[in-house]
Amino acid sequence: MSDVPLGDADLLSAHVDGDPDAFAELVRRHRDRLWAVALRTLGNPEDAADALQDALLSAYRGAAGFRGGSAVTTWLHRIVVNACLDLARRKSVRPTQPLRDEPSVAATAPDAIAGRETSLAVTAALRTLPFEQAAAVVLVDVEGYSVAEVAEMLEVPSGTVKSRCARARARLAEQLQDLDPRKSGNAAPAQRVQSPAPYGEEQV
Amino acid sequence: VSTDKPPFDEATSGHLSMDEIADLDEGLLTNEQAEAAHAHLADCVECSDRVSALETSNAALRDLGPIAMPDDVATRIDAALAAEADAPATTPDAQSASNVTVMPDPSAIPRQRFRMPTAPAAAAAVVIVLAVVAIIVGHQHHHHNGITVQEAGGAAAQPPLVRNPSSGSTDVTPVSTGRVYDPNNLATYVPALLTASIPSISPSATTGAPSNDSIVAPGSTSGSTTSSGTGTQSYSGAASGPSRSTKKHGKGAKSTAGTLPTLTAPRAAAALTFNAAVPTELAHLYSDRAALLQCAAVASDTAGAVPLAVDFGRWRSPTAKPSAKPVPAIIFVFNSVQNSNTVDVFVVSASCDANSLLEYKTGIPK
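The listed protein sequences correspond, in order, to chains A and B.
Here the first sequence is numbered in our numbering, starting from 1 and rising by one per residue.
Here the second sequence is numbered in our numbering, starting from 205 and rising by one per residue.
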């Protein structure tokens, strides 16, 4: 390879052309962000690792299908989100379980809502959202992708991304507000709900 | 938005809900609704507190820091990709001898939940046998129009972007792999249905079927005795009997996929049979093309939709008990509406009505 760093699309092309190192380099570049998306939407490191490995192998095999219509990162995120959604659906019959070594929302001390504790509470609250909402809000608010990019990743209209984000933010705010000692009530977080019916997709 | 709809929840509760505040914040309310909401917020301490709570929560969300992938996960994924890379590169040319898959060293593959461990020698035997099958049926490749979509490097014409007629064809030849699908393996298995050379094994075109014709008429046991293809006996015999051998085949298909994690779609296609016994419950759809296409239209909710591929297999519901038998299911594969690089998959049970959708998955890379 030359000294000039290759772009993502160049790496993917090199991989398709048989360069044995190109895909691994592409993964090294983006794996932390992809990991963060998988972990925050699935809420469980074992599931996140399974989904991510599955997704990256799919991407490895399907690289020739990438047409360059969107950024490579968008394409990678789409594959990862789909793999996570698969896993979330498979697991949706189970009650959500708290992250290991991390307190659940209910267990978080109400007077400790600051700094790291806040971040843990938000992370735990994310797990109570339906997967579709969690994915939208993680990609937009946490990872900082634009609504248009996320619409491509999730393969839904931009308006749907916005409404999923708004729903997610409202639920998160309600849960975090419930932890505030100044507020009354201490509602238990809702279980992660089933994915919406497959035929219909909320449109805005 | 209808004008008689109350601008927000104030009409009933007297206050703005958190949902409405979040919608206001995201710009999802109409001008009229937003004005009314702002007017209310100007006077209402309680709702203003909710606005503050939302802002606090949103800030906490944005402040979540980056997460690094743990070393053990990075190592595991690197190893899986390296194992994939160690497999010989092959072209999807089904008529090429390169379809004979070289077994990767199973010990080099990290164990995963979705990979079922199996005796490597038995798996290798199955792969070799099936590669022969694939090569035999490969000769029929060119007789089959519209189903084998993608050649290596994307040289084939791009399929149309709309679902109908997504296959560029008015008909589709169903196959019967007998595979047990579940939500987690769809993305892995479906591309093989697209890249494979699918033999013309439909009931209406059985004359050209390979010598190891193991198409089984529902309820018939003849399949188990007609197997005569060289090198294919062990497998097709197992695959062709009605109930007992279907089960056996299901196991074989799963273990094949399980021990060969480095199979790419084309190579996976080589390790497939397309004429496994059709579950009795599905036989009427397998033999009646009009009924099958009608089922495809119902499943996809798109009149006249013609799928890219159809597989008669089985479905393991994630909500079923692990001991429950997978149910007979038809797998319909369509081009994604918005993205020609991906497909949508509908898994449908035998009744094939509005309530029979077992699974829907969109955006599976081809």
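I should point out that these hints are in silico values taken from the structure, not numbers from a laboratory.
Cβ coordinates follow ideal geometry from the N, Cα and C atoms, glycine included.
Take the hints with a grain of salt, since some may be wrong.
[What the hints assert, rightly or not] With a straight-line Cα cutoff of 25 angstroms, these simulated SDA-like cross-link-like pairs (lysine to any residue) come out:
1) K525(B) <-> L497(B)
2) K162(A) <-> A524(B)
3) K91(A) <-> A524(B)
4) K162(A) <-> H244(B)
5) K162(A) <-> D19(A)
[To be verified] Only some residues are given here: those of chain B computed to face chain A with a beta carbon under 10 angstroms:
6) L232
7) D267
8) A284
9) D386
10) P522
[Claimed, not checked] Ranges of calculated distance between the beta carbons of each label pair, as one might list FRET restraints:
11) H488(B) <-> A9(A): 33 to 39 angstroms
12) D10(A) <-> T260(B): 39 to 45 angstroms
13) G7(A) <-> S252(B): 19 to 25 angstroms
14) S527(B) <-> E117(A): 29 to 35 angstroms
Of all the hints numbered above, which does this structure not satisfy? Sort the numbers upward. 1, 2, 5, 11, 13 and 14
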